[in-house]
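Build the full structure now, drawing on both the sequences and the hints.
Number of protein chains: 2
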Amino acid sequence: MSTVVDYINENRQRYVDELFELLRMPTVSADSTKKDDLVKCAEHLAAHFKSIGLEASVEKTPGHPIVYGQWLGKPGAPTVLFYGHYDVQPPEPLEMWRTPPFEPTIIDGAVYARGSSDDKGQFYTHVKAVEACLKTRGELPVNVKFLIEGEEEAAADNLDNYIKTHHDKLACDHIIISDTAQFDEGCPSICYGLRGILYMEIVLTGPTRDLHSGEFGGCVDNPANVLGRMISKLHDTDGRILIDGMYDDVLALTAEERKEFAALPFDQKKYQDEIGVPEFFGEKGFTQLERVWARPTCDVNGIYGGYMGEGAKTVIPSKAGAKISMRLVPNQDPDKIEELFRAYIKKITPPTVNVEIINHGKARPVVVPTDSPALVKARRALEKAFEAKSVIMRGGGSIPVVETFKQELKVPALLLGFGLPDDALHSPNEKFSLDNFHRGILTSAYLLEELAG
Amino acid sequence: MSTVVDYINENRQRYVDELFELLRMPTVSADSTKKDDLVKCAEHLAAHFKSIGLEASVEKTPGHPIVYGQWLGKPGAPTVLFYGHYDVQPPEPLEMWRTPPFEPTIIDGAVYARGSSDDKGQFYTHVKAVEACLKTRGELPVNVKFLIEGEEEAAADNLDNYIKTHHDKLACDHIIISDTAQFDEGCPSICYGLRGILYMEIVLTGPTRDLHSGEFGGCVDNPANVLGRMISKLHDTDGRILIDGMYDDVLALTAEERKEFAALPFDQKKYQDEIGVPEFFGEKGFTQLERVWARPTCDVNGIYGGYMGEGAKTVIPSKAGAKISMRLVPNQDPDKIEELFRAYIKKITPPTVNVEIINHGKARPVVVPTDSPALVKARRALEKAFEAKSVIMRGGGSIPVVETFKQELKVPALLLGFGLPDDALHSPNEKFSLDNFHRGILTSAYLLEELAG
Numbered sequence: 001m002s003t004v005v006d007y008i009n010e011n012r013q014r015y016v017d018e019l020f021e022l023l024r025m026p027t028v029s030a031d032s033t034k035k036d037d038l039v040k041c042a043e044h045l046a047a048h049f050k051s052i053g054l055e056a057s058v059e060k061t062p063g064h065p066i067v068y069g070q071w072l073g074k075p076g077a078p079t080v081l082f083y084g085h086y087d088v089q090p091p092e093p094l095e096m097w098r099t100p101p102f103e104p105t106i107i108d109g110a111v112y113a114r115g116s117s118d119d120k121g122q123f124y125t126h127v128k129a130v131e132a133c134l135k136t137r138g139e140l141p142v143n144v145k146f147l148i149e150g151e152e153e154a155a156a157d158n159l160d161n162y163i164k165t166h167h168d169k170l171a172c173d174h175i176i177i178s179d180t181a182q183f184d185e186g187c188p189s190i191c192y193g194l195r196g197i198l199y200m201e202i203v204l205t206g207p208t209r210d211l212h213s214g215e216f217g218g219c220v221d222n223p224a225n226v227l228g229r230m231i232s233k234l235h236d237t238d239g240r241i242l243i244d245g246m247y248d249d250v251l252a253l254t255a256e257e258r259k260e261f262a263a264l265p266f267d268q269k270k271y272q273d274e275i276g277v278p279e280f281f282g283e284k285g286f287t288q289l290e291r292v293w294a295r296p297t298c299d300v301n302g303i304y305g306g307y308m309g310e311g312a313k314t315v316i317p318s319k320a321g322a323k324i325s326m327r328l329v330p331n332q333d334p335d336k337i338e339e340l341f342r343a344y345i346k347k348i349t350p351p352t353v354n355v356e357i358i359n360h361g362k363a364r365p366v367v368v369p370t371d372s373p374a375l376v377k378a379r380r381a382l383e384k385a386f387e388a389k390s391v392i393m394r395g396g397g398s399i400p401v402v403e404t405f406k407q408e409l410k411v412p413a414l415l416l417g418f419g420l421p422d423d424a425l426h427s428p429n430e431k432f433s434l435d436n437f438h439r440g441i442l443t444s445a446y447l448l449e450e451l452a453g
Numbered sequence: 001m002s003t004v005v006d007y008i009n010e011n012r013q014r015y016v017d018e019l020f021e022l023l024r025m026p027t028v029s030a031d032s033t034k035k036d037d038l039v040k041c042a043e044h045l046a047a048h049f050k051s052i053g054l055e056a057s058v059e060k061t062p063g064h065p066i067v068y069g070q071w072l073g074k075p076g077a078p079t080v081l082f083y084g085h086y087d088v089q090p091p092e093p094l095e096m097w098r099t100p101p102f103e104p105t106i107i108d109g110a111v112y113a114r115g116s117s118d119d120k121g122q123f124y125t126h127v128k129a130v131e132a133c134l135k136t137r138g139e140l141p142v143n144v145k146f147l148i149e150g151e152e153e154a155a156a157d158n159l160d161n162y163i164k165t166h167h168d169k170l171a172c173d174h175i176i177i178s179d180t181a182q183f184d185e186g187c188p189s190i191c192y193g194l195r196g197i198l199y200m201e202i203v204l205t206g207p208t209r210d211l212h213s214g215e216f217g218g219c220v221d222n223p224a225n226v227l228g229r230m231i232s233k234l235h236d237t238d239g240r241i242l243i244d245g246m247y248d249d250v251l252a253l254t255a256e257e258r259k260e261f262a263a264l265p266f267d268q269k270k271y272q273d274e275i276g277v278p279e280f281f282g283e284k285g286f287t288q289l290e291r292v293w294a295r296p297t298c299d300v301n302g303i304y305g306g307y308m309g310e311g312a313k314t315v316i317p318s319k320a321g322a323k324i325s326m327r328l329v330p331n332q333d334p335d336k337i338e339e340l341f342r343a344y345i346k347k348i349t350p351p352t353v354n355v356e357i358i359n360h361g362k363a364r365p366v367v368v369p370t371d372s373p374a375l376v377k378a379r380r381a382l383e384k385a386f387e388a389k390s391v392i393m394r395g396g397g398s399i400p401v402v403e404t405f406k407q408e409l410k411v412p413a414l415l416l417g418f419g420l421p422d423d424a425l426h427s428p429n430e431k432f433s434l435d436n437f438h439r440g441i442l443t444s445a446y447l448l449e450e451l452a453g
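Protein chains in written order, with this note's numbering: chain A, 1 to 453; chain B, 1 to 453.
Treat the hints as calculated values from the structure; they're not laboratory data.
Bear in mind that the values here come from a model prediction, so they are computed numbers and not experimental data.
One or more of the hints may lead you astray.
Each pair may be met inside one copy or between any two copies, as identical chains are not told apart.
DSSO-like mimics (lysine-lysine), calculated; alpha carbons at most 27 Å apart, straight line [unchecked claim]:
| # | residue 1 | residue 2 |
| --- | --- | --- |
| 1 | K135 | K74 |
| 2 | K233 | K269 |
| 3 | K346 | K269 |
| 4 | K169 | K74 |
| 5 | K233 | K346 |
| 6 | K336 | K313 |
| 7 | K313 | K164 |
| 8 | K284 | K50 |
| 9 | K284 | K377 |
| 10 | K406 | K313 |
| 11 | K313 | K362 |
| 12 | K346 | K313 |
| 13 | K270 | K284 |
| 14 | K135 | K406 |
| 15 | K347 | K284 |
Listed below in structure tokens is the structure:
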């Protein structure tokens, strides 16, 4: 490995220069005037893949193209698929940027540019590790595939369709995604679990039209009052969800996981200041991180009914509704939870109103066992590259592509994020640590080696 | 009285013709192109007042003029003020009218025209009764004042300002308003009470910005969930309001009132079909009419928070709010109830959110004792004219001018409505029963006589 590491160290400045070239391309997928810039970037990447020794192609989609690359010179060895995206968020508001968003600028060891952390700087670590191996040894210890899309920041399902129709081409043993952040600076992290989601809406109808609250107030059950009563029945006072059967399939955290979470440098005060809540609240018996990473939720995401304008209007609303989503954890099944939710809502709906229950989408929770060989190997690679103890973490949200990979390719993804929590993704002054860029490349080189064994 | 009654009977057709002349004037106060029509109508009424023996004037306001008339020829006798309005609602949608809105047409004994029941046909009964008395006897048994405004259907405070600045001119012993409906056909009615109102809004703030429900769900108290919990604490399961002290000053209905209400021909099935609720709900121990007329309420008139658009968005809202109004009954004081509401909301707000409490207006409840001499006399007059047993009723809403009269002139108003519940006020095909018009005139004549005694 020493020649590979030497190569990475010797080419450190050139690697940064090449990243800057990528960052100068304004690949804003949501901006239709930037269509050609995305095509140019995809072609640039494919050409670069070829120049380092991969087979590569620009794959057309109804939207922005996908860049595919592969090296399959090790029959019988495992295959690793790296996913990333070359498109970026819009840079607006421009006046908030201290440096031009598409002119990468180094300040205090970090490069400031749109897309630096999300995701060009991150997926590029794997490209550069592969280059280092191929250039020094003429081969890789494993087979690799790259799937770099151009519509992660746009609402499109072209990648999903591509994955669904290219099972053989994308077949692999491991999937590595570097598109998230480490738990904290100096904490090389692996995210091994994500929550799923079930997003529902309930709409209550009482009277067939809005009623005058003077003429009718007192003799009809007001759907907005009823909605409040129903929402109050979603949790007990300890923050535990009251939907019958909600916790039946919840996989408890192991003692080891709880210990690892507890050891993380979590700054509750800083966290509270950042979101400004007067006080925290959550399910009794669990820490903040456990609540967010490993416990299901039932949150009202939106609530509406009656007169919502300025001032006053004296109506008893005909309708009132709430969008209610549940974050799900292993091993909850969204389909089963939807049934439980529907049954519970029907149970707590009084006979004075009619209820409509609507589904707006769902995703399964995903988790990789913390003792799985790939996860253990990834931790070793991280620790060598970052020269620090690695941590395991989970994410509270869902990453749709992880779910798609799980469903279509039957392979769980390891989230090997090299970003930092303050990278300002989707905001002005997005940045990426150049030290993390360098150590990320080393991590990837070590990981290729580890996964071969 | 027989000469007066004979005059009214003999002139029945002419009275209808004169009403039609009034109904042909398109006095839509909300339509600025009709300004001249309102002035013409006001001048027509003032001229008519003079022609029947009243002193009269058209009083300018910043909006449409007020018509004032008086006959003060009986020093020492009581003074009766009649309030009404000559403006009408817009007739739109025109295609829904079976006959032209400003071409009065008789069908099945009722005149169809915009403003026929609301309020030209109603206030005109008193004008015609006064004419009959003056023409047959040369004098009235009491002093009378007419205050006929042109902006009841427009959102304007010109009448309020006029009343506030003309206490002496408008001083009186009784106020009669005919601008409501009888309880049912064949039920000559007096509305002797109206509920007041207190309209508040509460706004809860948790995090300082909308949070991602995946990243934060489970560890912060969601303001929309909290709002639901708080709304659920406004009533107990018997529909009784839980605000501490809410019922302290509520004047209980007398056994006599409950008996009178119970005797009314209330068709619960018809009422339910009309508003379409699957089932009624209200405070335990009270009938539908008692709940609406004599019990306070606490209704959510509007509720909002988070994502209210189509589909799904996974946010934990920073804010959630509700507009909450309370209908008040004698002898509840809106100022005191506001204090109680604020104290209760503060008590049930958890420490996890901040609450803002806003007032959007208030009005006192009004009630005339059912054994007050004026009310008893009005019932006698009604029963003579309609040849049926009169009923007493209340209204669930507030009528702002009643509150203004009470505050400014210190005189409670008697609501002597000659309309019927199906008159289609504010809707296409508004109508007014010509039999009620005739009997209304007779009622007014009898009432003038009664009030003198």
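Okay, the hints, checked on the actual structure:
no.: 1; hint: K135 with K74; in the structure: within (16 Å within a copy, 117 Å between copies)
no.: 2; hint: K233 with K269; in the structure: neither (31 Å within a copy, 32 Å between copies)
no.: 3; hint: K346 with K269; in the structure: between (40 Å within a copy, 26 Å between copies)
no.: 4; hint: K169 with K74; in the structure: within (16 Å within a copy, 105 Å between copies)
no.: 5; hint: K233 with K346; in the structure: both (12 Å within a copy, 21 Å between copies)
no.: 6; hint: K336 with K313; in the structure: between (41 Å within a copy, 22 Å between copies)
no.: 7; hint: K313 with K164; in the structure: between (51 Å within a copy, 25 Å between copies)
no.: 8; hint: K284 with K50; in the structure: neither (55 Å within a copy, 80 Å between copies)
no.: 9; hint: K284 with K377; in the structure: neither (35 Å within a copy, 68 Å between copies)
no.: 10; hint: K406 with K313; in the structure: between (50 Å within a copy, 23 Å between copies)
no.: 11; hint: K313 with K362; in the structure: between (37 Å within a copy, 12 Å between copies)
no.: 12; hint: K346 with K313; in the structure: between (30 Å within a copy, 24 Å between copies)
no.: 13; hint: K270 with K284; in the structure: within (22 Å within a copy, 50 Å between copies)
no.: 14; hint: K135 with K406; in the structure: neither (33 Å within a copy, 95 Å between copies)
no.: 15; hint: K347 with K284; in the structure: both (25 Å within a copy, 22 Å between copies)
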